[in-house]
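Asker: Below are the chains, spelled out letter by letter.
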Amino acid sequence: MNPQIENLYSEGTPGAEQVAKFIRDNRFPLVEPGHVTFVFQGQADEVNLRRWISGLSTAQSMQTLAGTDLWALRMELPDKSRFEYKFEIVRNGHRELVVDKLNAVLAHDPFGANSVCQGYGYTRPSWTLPEPETRRGTLTGFQMHSKAFDSRRDIQVFLPARFRRSRSYPLLIVHDGSDYLHYADFKTVLDNLIHRLEIPAMIVALTQSPDRLTEYTGDARHASFIVDELLNQMAARFPLLDNSSARGLMGASLGGVASLHAASNYPNRFGQLLLQSGSFAFSDLGQHQKGPVFDPVVRFVNEYRRNPFALAEKIYLSCGIYESLIYENRSLVPLLQAQGMQVYFEEARDAHNWENWRDRLRTGLSWLFPGPLWMVYE
Amino acid sequence: MQILLGPQSPVANLRQALETINSAGPVVVITAGWRDSEGEIDELRDSAGCDVKDLMLYQRAEQVFAHEPVLRELQRERQDKLTELQRLYRIRLAPTIAAASKLMRTRAEAELLRLEQRAAIGQLRALDAHHLRRIRGIHQNFNRRRAGLDIPRATAQREQVHELVEKAGLVLIAGGHVAVLLNRIRLFGLDGLLAQKPVIAWSAGAMALSERIVLFHHLAPQGKRDAELLDTGLGIVRQRVLLPHASTRLDWHNLHRMALFSRRFSPAVCCTLDNGSMIQLDNEQVIASNGSFIVSRTGHKKVLTGV
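Read top to bottom, the protein sequences are chains A and B. With numbering that gives the first Met the number 0 applied, the first sequence corresponds to residues 0 to 377, in that order. With numbering that gives the first Met the number 0 applied, the second sequence corresponds to residues 0 to 306, in that order.
With the rest of the complex left out, here is chain B (with noise of 0.2 Å):
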């Protein structure tokens, strides 16, 4: 079972999903996407109301890229090729969704304007699964070498990590940089263990759990930005795209703008996680959502109802 919420500020429903999982055994959590703030879970553990205890993954791994440079610098090639790929990528994209949205503003005749928007969105649906099979090259290549290297440290750091989860009842996953977390759930491979246990995510971590990391933000303060994917997520929660903050970060009053994220990345439903949301996943269907919003076809927001 798995149960996402939104940030957890200003006012935090951490609590309430605990009393809902009610899960036994310890309770652990991944706050490694606070990255140099890891740790600092006092305030964590109030909301919680129990005793949490937090993995570390973040300085493990800096520890870990200490004493292992050749695994540090297997990493380091792999963001430099991540960053590259992402930069081309949204030469690609630019184009791409500037046409579809400029498709989805424009008045002509009916029918014909429909089958261009579809094609147009194809192209975008297109251009963003290429982009992932790149991605996933990039990783399993990554992994491939890994497992050829004699890195004694990281091994032992992960068996401790895994120890940890697996007597874990419930995994906590802290919001946070989205790109650091999954790095660092990924390089202690907590991918399968996550899957099999109770989880309760918010914000980034939602967002790791998820198939695609789709980053947006409509209103940065360098103006208009389009949404764009930046990697597989671990794939738990399926064909949902979450959006912590939506109601800050999208761009709601521009209807088409919403129609297009929305179709982009149809069948996955966009689910929105702000403050106070809190969504029930139990064999991949909703059984229960509070505080949420689907993005619909037509761009309006509508309420998650479970099963």
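With the rest of the complex left out, here is chain A (with noise of 0.2 Å):
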């Protein structure tokens, strides 16, 4: 039993008032280490933990505390650990997920929000928050039309503090731009890295697509924008520096295998790359079982498996533990690594979400683009 829970009842059934401290003196969830310990508040049937943690079952059912309106889970969970779930609430045979009101730290992501579990000695890295003597860079944007798609698509420019026209800079091409913006703190991210010359002054192009799970599924049209349009554009209005390891492209999920799949249709042309929980689906014998959306990555990724070869300089790649697509990803390293290519495999006891990615992005943008901490001695 969790040791605040145990002292709760430490004299017997505790009444309202004890319970009221009880809420009140402790954070939750409750974290020791090695476990963590889920309390929910409140009248209901039955009270699931749902979480999406790969190899477990998506659903853990809750336990009532005797004499109370609590409700707890105890599990093992390895120290800084990361993960988002919610509560299924049962009340008359309605099934409700909710946050966890006992928790303040929410996850965001396009579908809402998550609960967040920090398991113990999790800190959010400082670099992911405002730090305030940190100089700031802007976004400005344009718009463009792409032959590609016959479509307009808006760009998302990020400047760096102190952009000079007179300098020329990295460029980084970011899938899911908008929403590494809003849910991986990607400028503060930026800013801070750039701040602390962990990284060089770049430009970052963020893009966003209407619709990723055809465009970013292995779609030559995007491949195309990616690096007939929008590199082109990019070129004729920052200035950047024209090779390619002051290239770089990035994307998460399925923007992992677009910037997979646009590499290997251009290969070299972006020295550096960054994908995070790539669902790089590949099937060795038979059907996948991934769904139709993902029949076009999977013969693209079984194609590649088939015929690899080097697409870039550098490949920084990361993946939760606690994600399905950890087997995926572990399976490409060896198969990147052996076509000469420098790999940079992160594992994170984390999973599929905007936070993990988050948390990733200190490693993989100093290793991909080393910044001038290298040349300056104060």
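Hints may contain errors.
What the hints assert, rightly or not - Label-pair distances were calculated between CB atoms; the ranges are:
1. P77/A - R132/B: 30 to 40 Å
2. V69/B - Y326/A: 52 to 62 Å
3. E346/A - K223/B: 12 to 22 Å
4. R161/A - K223/B: 42 to 52 Å
5. G92/A - K223/B: 52 to 62 Å
6. S246/B - P2/A: 37 to 47 Å
7. A234/A - R124/B: 33 to 43 Å
8. S246/B - Q286/A: 36 to 46 Å
9. A234/A - L192/B: 53 to 63 Å
No lab work stands behind these hints: they were computed from the structure. Each residue gets a CB set at the ideal place from its N, CA and C atoms; glycine is no exception.
Put the complex together from the two separate chains, hints included.
Answerer: Here it is as structure tokens:
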């Protein structure tokens, strides 16, 4: 039993005041080395913890704490782990997913908010939070017509603090760019890492697809849009370093697939790839079980696995060990390395979510684009 | 005479150095390594305890580039070439240093291993020497082409800066971005003048005075990285590799790595410059030293002593 709950029952069944004090005096979920205990307060017929950890069932039932309106579930959790969850409340046969009202830590994504469980020892990296002394870059943007898609595209552009047209900058193109800004604090991260000299001042093009389930799944039009159109637009509009080492492409989940696919259609146009929890589904034998959206992804990844080749200088891959994609990502690493590319693979005790991707950005970006910290001796 | 110092934070020892050198005449400072913060020298004036005039080389260079596009383009071309050359050098450096590192760690019959280690370090030195030759070639080409340019604004600025330095009794060179600092000193042709003046330089400023600029950070945020040569220095301080922030940037716990570091740059001596360090040089000899160490052949720290 969790020590705080044990303490609550140390003098018998607690009364309403003791329960209120227990709620007031603790932070939830209750974290201790190697374990976490979730607590829900309220009337219900059934309460389940819902979380998406590969290898575990998605729902675990919580138990009532005798004589109270509290429900609890204690589970093993390696230190420094992080995952997102919700409570499933069942009342009169009706099921409802709610965030944990006792936990103020929320993670947001395009589908809403989840509660965040931070295992013992996890702290949010300081470089993901605004730092007062950091000089801020600016966000600007432009619209362009894509011939490949025959539609208008909005591009957001990050310009670093002290941007000057007389200088040349590396370029990073980001899939799901708006989501990175909103859910992974990407601008704050860029500002901080540039200010700390851990990455160079760089220009970042942030793209957002109106139909990522089609465009990010191995679509040749998308690769053409990125390389033939967006890259040329960026070069025409901004002072960019003109070599592949200074060009990067990144994305998470299907954005990782889109990045790898564009790089494979145009080998070595991008020297640097940053691929987070890439949905690199493949099938060695028989049909895959991931649904029709993944058909083109599987075709692309299978083909690359059959005929691999070097498509960039350096590739940073990251994946959470609590996501099912860990298998696909681990499988890809030796294949990429065997092509002579430098590969940095990072696993985290985390899942398929924006905060996982946020927390890995420092290692990934500073490995692909080492900053002038190297040059500065104050 | 030159006095080399470590970082001036958290505790500055600039005033102590000024008292040691005791020169007459105005004091000028180069803070181009601070780039956009150049000229913000109130704190520096407090540390020095005397009036100091900033030569403003960074801002002067920006003005020159704004008015002399032909020089700006030439400069940009040189920088692009140097950047590309550095990338190519790294491609060769990575496996060369990996092989030498492995040989430093491996076990084998002593005599057999000693000769292999020596050969591996020789290859590393040869690569470094080749890189410096290529860099010198790029600089010479730049200088030749620059000499043929009609760039009156640049010439006027250069004359102003020279006049200030000639009248100065002492030149201070602050740390910062070592490549920018070196570039601006060269742009205004100060190499020769600085050699004739008493100089107090710290961190990147000290590195700029040496013969070779060695970039290092064994504990960088992106993981293991080995030292690389960036450029030739001004060559005013000879036979020394100067290592600011050595206590935090070098992997002192790894003796093999430190031994390789030391032997790679030998016969030059690797001297640390941490906060509080001071090395006093006269006619290329260390005449006094405080708080500075050398990296020995075996990778250990040894106190640097004066003659």
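Asker: It remains to establish, for every hint, whether it holds in the given structure.
Answerer: For each hint, the structure was consulted:
{"no.": "1", "hint": "P77/A - R132/B: 30 to 40 Å", "verdict": "violated, 53 Å"}
{"no.": "2", "hint": "V69/B - Y326/A: 52 to 62 Å", "verdict": "holds, 58 Å"}
{"no.": "3", "hint": "E346/A - K223/B: 12 to 22 Å", "verdict": "holds, 18 Å"}
{"no.": "4", "hint": "R161/A - K223/B: 42 to 52 Å", "verdict": "violated, 30 Å"}
{"no.": "5", "hint": "G92/A - K223/B: 52 to 62 Å", "verdict": "holds, 58 Å"}
{"no.": "6", "hint": "S246/B - P2/A: 37 to 47 Å", "verdict": "holds, 42 Å"}
{"no.": "7", "hint": "A234/A - R124/B: 33 to 43 Å", "verdict": "holds, 40 Å"}
{"no.": "8", "hint": "S246/B - Q286/A: 36 to 46 Å", "verdict": "violated, 59 Å"}
{"no.": "9", "hint": "A234/A - L192/B: 53 to 63 Å", "verdict": "violated, 41 Å"}
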